[in-house]
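Based on the provided sequences and hints, a complete structural model is requested.
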Amino acid sequence: MDIFARASNKITSVFKNLILRAKAYFKRLVFPIYLFPIKLVTYSTYYLIKFLVKLLFAILGLIWDCIKFPFKSLKNFLKSIFIAAVGLYLVASLFVIGDYLTKQYGWWGKFMCSIGIHDKLQNSVVRVVGGYSEGSGFFIADNQIITNFHVIADEPSPKIILPDGKFLTPTKIIGNKDADLALLFTESKYTNLVLPLPDQIGFYTEEPLVAAGYPLGTDLSGKATVLRGNFVDFRKPKTSPVGYIQTNISLVQGMSGGAIADQCGKVVGINTLSLAGLSLFITGSDAKSLIPSFSDQGITKIEVDPSISPEEAVKAFYTYLKARRMKDGFSLLSKEYLLKTNYEEWTSRFKDILDVDIFKSEKYDNSNDTVLVKFSTKNWVDGEAEMHYYEGTWKTIKEDGVFKMLKSKIVEVDNPEWDWFYN
755 MDIFARASNK
765 ITSVFKNLIL
775 RAKAYFKRLV
785 FPIYLFPIKL
795 VTYSTYYLIK
805 FLVKLLFAIL
815 GLIWDCIKFP
825 FKSLKNFLKS
835 IFIAAVGLYL
845 VASLFVIGDY
855 LTKQYGWWGK
865 FMCSIGIHDK
875 LQNSVVRVVG
885 GYSEGSGFFI
895 ADNQIITNFH
905 VIADEPSPKI
915 ILPDGKFLTP
925 TKIIGNKDAD
935 LALLFTESKY
945 TNLVLPLPDQ
955 IGFYTEEPLV
965 AAGYPLGTDL
975 SGKATVLRGN
985 FVDFRKPKTS
995 PVGYIQTNIS
1005 LVQGMSGGAI
1015 ADQCGKVVGI
1025 NTLSLAGLSL
1035 FITGSDAKSL
1045 IPSFSDQGIT
1055 KIEVDPSISP
1065 EEAVKAFYTY
1075 LKARRMKDGF
1085 SLLSKEYLLK
1095 TNYEEWTSRF
1105 KDILDVDIFK
1115 SEKYDNSNDT
1125 VLVKFSTKNW
1135 VDGEAEMHYY
1145 EGTWKTIKED
1155 GVFKMLKSKI
1165 VEVDNPEWDW
1175 FYN
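Residue numbers for the sequence shown follow this note's numbering, beginning at 755 and rising by one.
A couple of the hints might just be wrong.
[What the hints assert, rightly or not] List of simulated lysine-lysine pairs, BS3-like, C-alpha gap at most 25 Å: (1) Lys-1089 / Lys-1042; (2) Lys-1105 / Lys-943; (3) Lys-920 / Lys-833.
[What the hints assert, rightly or not] The calculated label-pair distances, taken between Cβ atoms and stated as ranges, are: (4) Trp-1172 / Lys-992: 16 to 22 Å; (5) Glu-1138 / Gln-1000: 33 to 39 Å; (6) Pro-910 / Gln-954: 34 to 40 Å; (7) Gln-954 / Ile-835: 49 to 55 Å; (8) Gly-852 / Gly-919: 51 to 57 Å; (9) Ser-1043 / His-1142: 40 to 46 Å.
What the hints contain is simulated information worked out from the structure, not anything from laboratory work. Note that beta-carbon positions come from the ideal geometry of N, C-alpha and C, so glycine has one too.
Have a look at this one:
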């Protein structure tokens, strides 16, 4: 019989013996059945105590052997010194690694969760175009975008540009001017873009934070910029309804209203103010607690009346285009004008208009039905903003008590001089 056959027989014999012993053990444990609960408790306690006693003696024996080992010989003594030195080096290295992880990620638990935070913020923060001011914002619910109040101040119809380049107009705006916060509501829902606000926040000393936004607004194309920095302190002025997170992140104009998050991508605040390397962010918890008290007080509203005069009708027409209230704008087209277009064709002409700024709308040569108009449009084309300037006349006609657009002679003005805006 060769060595492999003997080994096979030996293994088979041992395995069978183990099975027989296991069967006998379970038979003693289970039968008689009325003693099974008592046996289960006593056997478990006995073997647990037996294991712990053996483990204790094994540990004590190991400690004793370690104590004796260096004194058995000079060779063992030198080995012990070497092993101790290596052990101390490894322990010191762990402290260094721990300190590095704390500085880079906040604490050990945030080491792995930081993966993908850059892309997450870039694909969630939106542009907010407020006419005279531009900034950033982010969804705190599937149809609610938070931003700074100063971004949309004096603008009745700001535009929201999503990370994929599409833009939309909010259906409702509320806010708190003193807190410098505004909430924009959208008609559609964007669940995949939501970055919820926290109930409470707290940081380690110099914990890393990440801020995202669009520097210089639409003047700089591309994705959102993500900047890294460190927590410095909490600030709470007596006159302010909100507290602030102070960091060493250098925000740039246009990033206001964007999100600041921890290393795990959890939003902790809203970008607000930056000056010479000192940046302040409204704490997310304060913003969340204030939202129920937001109102439309201080929010600029559209106030036009096309029935007053031809000039007011032309102003109303372009104001509706600015606000993307296309049905209202279409309703100001005269019956004669509607003979050569329809709603779908007409709205397709203005599909890329972000903003309209009206410089002049006044009578033309003392005419009772013709208006001289000057205006500009900001168009969103292939991810970039383009400015266009126009001037010309609109002839109007009164229908159903409202002045409506009849005929236009509007031409584009290339690179107008500064005096064009005032004459």
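Tested hints:
1. Lys-1089 / Lys-1042: violated (50 Å)
2. Lys-1105 / Lys-943: holds (21 Å)
3. Lys-920 / Lys-833: violated (69 Å)
4. Trp-1172 / Lys-992: 16 to 22 Å: Cβ of Trp-1172 to Cβ of Lys-992: about 44 Å, so the range 16 to 22 Å is violated.
5. Glu-1138 / Gln-1000: 33 to 39 Å: holds (34 Å)
6. Pro-910 / Gln-954: 34 to 40 Å: holds (35 Å)
7. Gln-954 / Ile-835: 49 to 55 Å: holds (51 Å)
8. Gly-852 / Gly-919: 51 to 57 Å: Hint violated: Cβ distance 43 Å, outside 51 to 57 Å.
9. Ser-1043 / His-1142: 40 to 46 Å: holds (44 Å)
Hints 1, 3, 4 and 8 from the earlier list are contradicted by this structure; the remaining hints agree with it.
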